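S.K.: The lines below spell out each chain.
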Amino acid sequence: MRHRSTIVAVCSLSLILLLVIVLNLMLGEQFATPMQVIQAASGQGSPELQLIIQTLRAPRLIVAILVGAALAVSGAILQGVIRNPLAAPDVVGITGGASVGAVAFITYLPTVSIHFLPLAAIMGAALSAVLIYTLAWKNGVRPLRLVLVGVGISSLLSAITSFMLVFSPAYSASSSYIWLTGTVYGSSWLHVWILLPWLIVCTIAIALMLRPMDLQLLADDTAIGVGSRVQTNRLLLVAISVGLAGSAVSVGGVIGFVGLLAPHAARSMVGPVYSRLIPVSALFGGIVVALADLVGRTLFPPFDVPVGVFTSGIGAPFFIYLLYRSRKV
Amino acid sequence: MGSTANKWIGLILGVLLLAASMLISIRFGFTVIGWNEIKAALWNYDEASMEQVVVRTARLPRTLIAASIGASLAVAGAIMQAVTRNPLASPSVLGINAGASFAIVLAITFLGISDINILLWMSLAGSGITAVIVYILGSIGREGLSPLRIILAGCALIALFSSGTQGLLVLNQSGLQDVIFWLTGSIASRDLDTLIPVFPYLCFGWIAAFLLAGQLNILVLGENTAKNLGQKVVYIQLAAGVVVVLLAGGSVAIAGPIGLVGIIVPYLSKYLAGRDHRWMLPYCAIIGAILLLLADVAARLIILPEEVPVGIMTAAIGAPFFIYLARKELRRE
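In order, the protein sequence lines correspond to chains A and B.
Counting from 1, position 88 in the first sequence corresponds to residue 87 in numbering that gives the first Met the number 0; the numbering is continuous, with no gaps.
Counting from 1, position 269 in the second sequence corresponds to residue 268 in numbering that gives the first Met the number 0; the numbering is continuous, with no gaps.
Next up, chain A with everything else stripped away, as it sits in the complex (with noise of 0.2 Å):
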């Protein structure tokens, strides 16, 4: 049965991917028919559309998608190693860290390829990561004192960023959206091959790591038994969530929110086992950042609404109602 429901939300997901996807070559300030949309990826049809839709809506697209993709995962491996349902690469402040990873990179580094920049950013989530583990730490790591050190945290990381930020020769108003807010405006095709080496990286981790992931869910002492190395495995699933955390943020920014609602709404589908979950939240996380950029970019032309307002919405109301439901905390 669970197998069935996974290709049924698995199919479900993709063709509204797909949908997501043909809306968000089709609008926008100039209207394409998806006849045109054809033509004009494929290099024929009016040169203006050409330009529009492969320079501009393309890459934007696929960065929204990635950068969601690559979020919604991060979020369903940490919820799955901490085993707290409130767990979120943005609650625990792993992306914040990414985020002063990438300025500090930007600001005093300007000479550096900006290939390097999720590498940045990555070593900005690595540390912050390992800093709220290492204070969260006292005879293991309790979820709660984890979440709350991850407020101080991020708390202190962001206010790094806006001092950066106000200081920094580059500075603009375009700029602190994205370290802000998120967002995925103005992202062309170099965006694309920044951010893509460093998930097809992660992607083979996660697809070694498969089993051990799930033992992850078994009690240690079981894991233990069936012959898991429960602590190493669970470090690397960490270093893997904070890699793609990182190369995401160093795209997108902190588009909040969406590592906490995308495993939750995969796992109500398919349930908690790992080579099920992390497809289906992929999927998930993708639908969801190119959805929301698809409204911010459409609904109030000619502004351009940062992803990051709207995952923000959809998903802080959902925090709240998954503390709602978890009364006993």
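Worth flagging that the hints you see were computed from the coordinates, not collected in a lab.
Note that this is a predicted model, so its numbers are computed, not measured.
Just so you know, even glycine gets a beta-carbon here, dropped at the ideal spot from N, CA and C.
Take the hints with a grain of salt, since some may be wrong.
Mimicking BS3-like on lysine-lysine, the simulated pairs with C-alpha atoms at most 30 Å apart in a straight line are [unchecked claim]:
hint: 1; chain 1: A; residue 1: Lys-137; chain 2: B; residue 2: Lys-269
hint: 2; chain 1: B; residue 1: Lys-327; chain 2: A; residue 2: Lys-137
hint: 3; chain 1: B; residue 1: Lys-269; chain 2: B; residue 2: Lys-231
Listed next, the stretches of chain B that the computed footprint assigns to chain A, with coverage defined by at least 3 CB atoms under 8 Å from CB atoms of chain A [as the list claims (entries may be wrong)]:
hint: 4; region: 153 to 166
hint: 5; region: 218 to 224
hint: 6; region: 303 to 317
One-sided and incomplete, this derived list gives chain A residues near chain B with beta-carbon spacing under 7 Å [claimed, not checked]:
hint: 7; residue: Val-148
hint: 8; residue: Phe-162
hint: 9; residue: Gly-255
hint: 10; residue: Ile-319
With chain A held as given, fit chain B onto it using these hints.
M.R.: Frame of chain A, contents of chain B only:
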């Protein structure tokens, strides 16, 4: 410190320190101003002197604003901690500041309001509504107001309001640069006209807070105990809520959300003055004022000739402290 005499001495020392910090705040900055000039500016104002003009139009307003806001936020934090019985509660952590900011940005960007009187009311409304929501969310559980749940509810509300604020700013980009500086919490380039309309509300808040102090002492014993001692718990909580809204909402209307003052100061005050709110709240007011004054001086001097928003300074000091308290609090449970 045990005896009443010691507490009086501490209070007087505090007032002296406060006066000293105010003088420091008037004297130091991009230009350092001589003591004689300061004296002249205060009692013998001469518009021809550049330095005296700086004192009158920039330093003095700023000093008074920093002192009032520091005191207000600290007292608001102390009251919230008493009501929620949670040392991590403060106007910034529970989203009260974020709610007030959202209301103000809404007023500025969409309703085109720039009159401080109306902004004040928007700010009070925003913080009031947030306070009600966070209280309800925090007390949904079985055993009444849950200290930890209310923090998480605060986090969610902060995320919600700040995304709303960002959205409003995108849709109306004209004043974006100013508002972003304001949103990190800043008391630079505010004149006395911003403070004067708000000041009566802050004063009322302080007085009401000191009048409530005795009742807060009973409330911290727990709702049931307080009820058994004959306290009308709901009324006291309501009154405390109104005071918090006045103090926090008023502060945000002047300076934007300045974070985490309301956590450190009550903790220090409790250490110095003990748990009796009748002593602790005055200590809070004085220490809060001193802290924000010094943070603001540091914000001016740290990277001359630029200026750091003071909200960043308080976050940098306050966040490590928040973490320390979070660890300590959970250990106790």
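S.K.: Against each hint, give a clear statement of whether it holds in the structure.
M.R.: Verification of the hints:
no., hint, result
1, Lys-137/A x Lys-269/B, "holds (26 Å)"
2, Lys-327/B x Lys-137/A, "holds (11 Å)"
3, Lys-269/B x Lys-231/B, "holds (25 Å)"
4, 153 to 166, "holds (count 10)"
5, 218 to 224, "violated (count 0)"
6, 303 to 317, "holds (count 8)"
7, Val-148, "holds (5 Å)"
8, Phe-162, "holds (5 Å)"
9, Gly-255, "holds (6 Å)"
10, Ile-319, "holds (5 Å)"
Going down the numbered hints, you'll see the structure goes against just number 5.
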